[in-house]
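Q: Residue-level listing of the chains:
There are 2 protein chains.
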Amino acid sequence: MATQTSFLTSLVTSFVVFCVLMLVYFILSRRPGNAPVYYPLRILRGEDGAVAAKRRGPFSWITESYRATDAEIVAAAGLDAAVYIHLFTAAVEIIGLSALYCIPVLVPLSSTSSYNQQQLRTTGNFTYQNFDNLGMANVEPNSRKIWAFLIGMFYVSMVVYFVLWRSYRWVVDLRDREIASSNARPQQFTALVRDIPKPMGKETRAQQVESFFARVHPGAYNRVQPVYNIKPVEKLFSEREDALRKLEHSEAVWELSKQKGNGDGERPMHRIGFMGLWGRKVDSIDYWRQKSEEMKPKLDAEQSRTRHDLEQDAAFVIFNDRRTAAEASQVVHAPHALFWKVSQAPEPEEVVWNNLHIHAWNRAMRRIIVSVITFFLVIFYMIPIAFVAGLTTLENLEKLLPFTSNITKIPVVGAIVQGYLPQLALLLFLFLLPKIMMVLSHAEGFPSQSQVVRSASSKYFYFIIFNVFLGVTIFGAVFSNLSSVKILVQQSQLSANKVVTLLGSKLPPVASYYITYVALRFFIGYGLELSRLIPLCIFHFKRKFKCKTERELKEAWAPGAFTYHKSIPNDLLILTISLCYSVIAPMVIPFAFTYYVLGWFVQRNQALNVHVPDFESHGSMWPHIHNRILAALFVAQITALGYFGVKEFLFTPILIILPVATVIFYMFCKKNYYPSIVVVSLWTAAETPKSRPSEGAIAYEYTPSCLQEGHPGIRDRRSNLATQFNSTINAVV
Amino acid sequence: MATQTSFLTSLVTSFVVFCVLMLVYFILSRRPGNAPVYYPLRILRGEDGAVAAKRRGPFSWITESYRATDAEIVAAAGLDAAVYIHLFTAAVEIIGLSALYCIPVLVPLSSTSSYNQQQLRTTGNFTYQNFDNLGMANVEPNSRKIWAFLIGMFYVSMVVYFVLWRSYRWVVDLRDREIASSNARPQQFTALVRDIPKPMGKETRAQQVESFFARVHPGAYNRVQPVYNIKPVEKLFSEREDALRKLEHSEAVWELSKQKGNGDGERPMHRIGFMGLWGRKVDSIDYWRQKSEEMKPKLDAEQSRTRHDLEQDAAFVIFNDRRTAAEASQVVHAPHALFWKVSQAPEPEEVVWNNLHIHAWNRAMRRIIVSVITFFLVIFYMIPIAFVAGLTTLENLEKLLPFTSNITKIPVVGAIVQGYLPQLALLLFLFLLPKIMMVLSHAEGFPSQSQVVRSASSKYFYFIIFNVFLGVTIFGAVFSNLSSVKILVQQSQLSANKVVTLLGSKLPPVASYYITYVALRFFIGYGLELSRLIPLCIFHFKRKFKCKTERELKEAWAPGAFTYHKSIPNDLLILTISLCYSVIAPMVIPFAFTYYVLGWFVQRNQALNVHVPDFESHGSMWPHIHNRILAALFVAQITALGYFGVKEFLFTPILIILPVATVIFYMFCKKNYYPSIVVVSLWTAAETPKSRPSEGAIAYEYTPSCLQEGHPGIRDRRSNLATQFNSTINAVV
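Protein sequences appear in the order of chains Z and C. Going by our numbering, the first sequence opens with residue 1, and the numbers climb by one from there. Going by our numbering, the second sequence opens with residue 1, and the numbers climb by one from there.
Hint data in this document are derived by calculation from the structure and do not stem from the laboratory. Be a bit skeptical, because a hint or two may be false.
Any copy, or any two copies together, can satisfy a pair, since identical chains are not distinguished.
To be verified - Only pairs whose alpha carbons sit at most 25 angstroms apart, straight line, appear in this in silico DSS-like list of lysine-lysine:
| id | residue 1 | residue 2 |
| --- | --- | --- |
| 1 | Lys-235 | Lys-246 |
| 2 | Lys-670 | Lys-198 |
| 3 | Lys-542 | Lys-246 |
| 4 | Lys-546 | Lys-566 |
| 5 | Lys-548 | Lys-202 |
| 6 | Lys-246 | Lys-546 |
| 7 | Lys-544 | Lys-671 |
| 8 | Lys-544 | Lys-235 |
| 9 | Lys-198 | Lys-671 |
Source: prediction; values computed, not measured.
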């Protein structure tokens, strides 16, 4: 726990760093050469980045971010980003409305009490900070003042329900407007069929699906696009892509050398051994051209073999109109619902091809295994960290790797190893975690990337709530006097009741810790996010030393999408903290409020100027966020139950109503609002779209790129997005 | 707890009563005059009951019951009855397969141990019966033999999963065959729309619904049948029905008196005051004729007013084909899923008209309130019972009602009052309970009778598990030494952990109690069910003294439907008991097995010969039963956890896998099997039916009888069923 001074120091330091980063952003973002880093989305959309950069004042990004309408955000970054930013809007509303009661009513009530002083007088080893006098900790046990705090809990809960209810309606409206009015996209005409049973007789998959759907959707069924096992062909395809890419690179190097020196230039050479380190030296251009030409017939053969022999138990079914597709994706098709599972087709870009064929039983098994792994990962993640931390202390290091003892004897090196190695290990583990979560979620068998991201986000959320929030609160405070934990466990009295009380009793002392944490997150986190220092350095480095072709350059400044699976859990953690403390220690509120307001401006700016969406799931992130905000509220209500109990308040059991109400609210929303977001309503789908893709185009989109005939050679996701924005790329650099 | 002798006495008594009842059934069911009691369903279907009765031997009902195919049961009693009987099949399979391991492996293991003897030697106040030596109680704590019991738990769980999995498939197949092949019924072309938003402008409901559905289901939409507020018209209608019924009765009385005595007969008279006790005396025939004629124009006026002014926010939408209706009922129609909720229409007969207009928010509120009431009812039901029981002891009775003291001074009366009044109070309360549950479920706002019944059944199941099973097990055993409970509660250590241990430790002593209970249930319960003594008496009494018209006579022998909301919870209770004991005290198995085998024969007989279904919900009872069997297994697994813990078995934590597996199995079935039963698949609905009702006929069916034009006057559900069976009723009596 930070003392008063260290707490203030930390706040001031963070603020100074933030100011510096803002200045850096202002200066660097004006330089035209940096436009691909600060305005990549605008460049891709064909707006002149250089001009855009010049007319900006130091705070113009704030006014721009503020003025942008929902429609502009959706147009620039898609519904998913708009929904993600709405998390900030909702959090600002929740915290702002909570503050209306908690700050003017509860803070005076606390500050006029003197329980902390009293405790200081009676017990010797009690410490507190002036700061703590502004929270419920300072109120005498079983005082009548606690009624005001109890009412506060009810008020905050009502605020959350109200804001979430309004948000759901907002998201539904936004999504509906977007789907109804926009040009029809391929996925709106398509349904994904999985769990197709074994065909009877000698039918091919395509014939089987065709005869099934022609019967159950007479008139509206158009065609089937089978799903193939593309693993072998994909390998060949990417090898050839790689060869073509290297050929292009070599040619560019040759061109450059021509421009520089002698007229003929210098043809690039390389060794064909391991990593280009040894082996025969060859002319790169000839080598890669020959390689790619050799592979063409092989690839063609593999493509046609895949199309004939490697059909899988899944298919995309294309309909004549959006209405039927929307309808089909919500309906049970076969008498045994286990088979012929029809769902909305994901956007072609985000299809996870290698998961489509996995059957329901298999998916269930995978989900169980992944859940178990996640459970143990969440519970025991601290163990490998502690192990590595233990390993990296000097003595253990010397024992394991004797040769290091000579080096670590040098005092400076020793101090560094001892001081930073554990932190590094922790950082490495925490850095790896979202990636592990993504791999795990991928293994669950989801058909689309957006589902994988959502699932990874939820896993990371559990982790962060358990390890960061509960971990710091309970274990952080408890392990300081480990004996009490031992007694607790030994007497096997570790009941739910005890945990709640414990949670309640340990909350207030760590309030200042969390304030520091939140301040650090918004000052440093958003400062870095906005100034984009790391991407800037990487871009300039690559531009100087690595990129030779225009394609490579474009890839170097590719801004990437929002990493929802990392940022949503972190944003929700702050909300959990502020909900838990809003009543018990209302001084957390201003900091949390600042976090979300700043986040709202920064993320809107990033959505408008920087990040390029990977996929569009039409806002299906919202139910995920909604449920986790409710989970945060639930945790807050349970901890309040514990803390009011610690304060020996007789009417504490009244608070039991709140978690029950949260569960009821959750179920109500799940039943009545959730369907609005996971499916497209018939009314919306029955709207006639302005324009629509042809069936052939849709079928082509739902062919993995390694199987597309007439494929334009090298093609990547981002170049595809560029054509989607229907613009030419300005070579601004 | 029964001693060895009283246990055997009870078994033998029950068995004797059973034999007597079987004999009674054999004798009485052969008499042609009793055919309407024993074969009412056959009579309604037009089979000659008298002939059927004559050719029966004492056990022919058993062979008949055994030989009946699924198709015959479905034809006679509907899918719901077939599914209900499948509960017995599943239970027989579960218990039979469990016995294969538990009886030959676990019983010898127990009987060769001697822990009970050992305990008797060491502790003074320990009692046990020889019977208890056959259960796990006799095995030494932490013995290696307990592994076999642990494996037993896994085996039994696997058996349950396997049987339930097969059952789901069986039910889906049966249901699918039935829906696809049968003649199309009105509900298959119809969808129920609820939560219709306020119409814009001056549109009527019908126009509003019409324009909505004509847009989202172009081509397939046929017509709309609005829902009205029928409360006022229903009151008038039933008053008039009553008058017509009384007129018919009076005329019949007159006819009879003509046949008996003087040629002109005696015209019946009655007083028009309260309950016919005082007031002016009038000629009944004239009075009721005049009354019914007076009411006709009033009723007509009210009918047309209802049709014009009392439209509600719900409607039945009729489609051209079954496919669209099936599709529409599964799909989200409006952008806000809270509105325009479309679901499968219930069978016309089972529509709960006065619930249709209730909106989603209102339904949610009602559900919350009803859940709270049910919760308290389940938890505190023992309190009013105890209160009444306390009231009815002699002293309290004399205090409250002093005048009774004279009567109760007579020894015999005093003994009876003291001995039976509490029991009577208990019986009355238990008798009222299913009715209370039905009223509560009705208030939740379900649109169909079958949902009301399911909901009532689930409430009663909770009640029975909590009060009968857990109550007898924990509280029954614990309250015998109340002090331990007090200590438990006072120290506020009543954690989940404690409850599980308690549950485990109290199980074995009450095993013999449950065996007596099960035996009583099957011997007396099924004996009474089969012999139908009470309906027989009522029928003959009414025939003699009350019934004058043929309609009245028919109503007197109306057999009623299966009372699922009472019988399913009771049947599931036995399964819960047998699952809990199958491993711990395997001697329960033979009795539970007998219960279900006997039940299977008796209920099949009742389905084929007696009960007339009220409604047909196409087997949607199964998921309800399935979930509750899983709940029973879950309870069994939790108690096993407690009991193995009591036995100080080190590897007890392995058992935690089982409840987790149950939850996973539940979720898997909910996701992959449940949809097959709640909705009709497109494949099935796309089948062309043999015959189909006209749209006009469907619309007529979905008009409440009090609004039907050209309504045939008096009409009740059963006469309607008779016409459905397309047969004439034989006046066999």
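Q: Does each hint hold? Answer for all of them.
A: Verification of the supplied hints:
| no. | hint | result |
| --- | --- | --- |
| 1 | Lys-235 - Lys-246 | within (17 angstroms within a copy, 87 angstroms between copies) |
| 2 | Lys-670 - Lys-198 | between (35 angstroms within a copy, 24 angstroms between copies) |
| 3 | Lys-542 - Lys-246 | within (16 angstroms within a copy, 99 angstroms between copies) |
| 4 | Lys-546 - Lys-566 | neither (29 angstroms within a copy, 78 angstroms between copies) |
| 5 | Lys-548 - Lys-202 | neither (53 angstroms within a copy, 70 angstroms between copies) |
| 6 | Lys-246 - Lys-546 | within (12 angstroms within a copy, 101 angstroms between copies) |
| 7 | Lys-544 - Lys-671 | neither (56 angstroms within a copy, 55 angstroms between copies) |
| 8 | Lys-544 - Lys-235 | neither (31 angstroms within a copy, 90 angstroms between copies) |
| 9 | Lys-198 - Lys-671 | between (34 angstroms within a copy, 21 angstroms between copies) |
Comparing the model with each earlier hint shows violations of hints 4, 5, 7, 8; every other hint is respected.
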